Amino acid sequence: MKTRSSLVSNSSSSSFILIGIPIQINMITKEIMDRGDVFVKGRHMGEGVDFIDVKDEGMLKFIQEHEVLFGPAYCDCRTFFDKESVLLQNKYENGEVVVACDKDNYCSENVSDLIEHYLDADELRKESMKLLKQKYGVEEDED
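Going by numbering that gives the first Met the number 0, the letters in the sequence shown line up with residues 0 to 142, in that order.
FYI, nobody ran anything at the bench for these hints, they're computed from the structure.
A quick note: this is a predicted structure, and the numbers were derived from the prediction, not measured.
Be aware that one or more of the hints could be misleading.
[Claimed, not checked] Computed cross-link-like contacts, DSS-like style, restricted to lysine-lysine with a CA-CA straight-line distance of at most 25 Å:
(1) K134 with K40
(2) K29 with K54
(3) K60 with K134
(4) K29 with K60
(5) K60 with K125
(6) K29 with K40
(7) K40 with K54
(8) K40 with K60
[Claimed, not checked] Label-pair restraints from in silico Cβ distances:
(9) H43 with Y135: 33 to 41 Å
(10) L130 with S14: 37 to 45 Å
(11) M128 with E30: 32 to 40 Å
(12) H65 with V137: 23 to 31 Å
(13) V67 with Q133: 24 to 32 Å
(14) L118 with N93: 34 to 42 Å
Here a beta-carbon is modelled for each residue, glycine too, at the ideal position from N, C-alpha and C.
Input sequences plus hints: build the corresponding full structure.
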């Protein structure tokens with residue numbers, strides 16, 4: 000049996016510091032993603048913020064199509080989990096900002112997570128029904 004003698008925490012968040020250049024969500028392209036890390040601030044998820052590392056075009060498409068659900072975006076990011084590391088950063092590029100928050104440890108990591116965290120179940124059911132009706136040729140007034 001393993002025992003632990005140090006502090007044990009049940010927290011599902013961690014301190015998160017980001018240095019990056021603010022960018023509008025609709026201005027993010029694949030080329031910008033290829034150039035460096037892109038992060039988008041999501042909603043508070045219980046113990047921290049959903050700070051999303053946009054890793055692929057599917058995630059980007061979802062975020063851009065639901066832009067109203069998300070906060071600021073940042074490109075060319077460097078991330079840290081302790082303030083001492085940030086204090087050692089003595090060079091900031093033009094336009095960079097420092098953002099600090101408690102990041103939820105269960106942040107959205109893929110499109111499935113984004114759908115689960117940001118789309119309402121009733122909205123999903125209605126959209127699914129609409130697609131099925133279209134697929135099988137059901138008229139809208141046949142409910």
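Mind listing which of the numbered hints don't hold for this structure, in increasing order? 1
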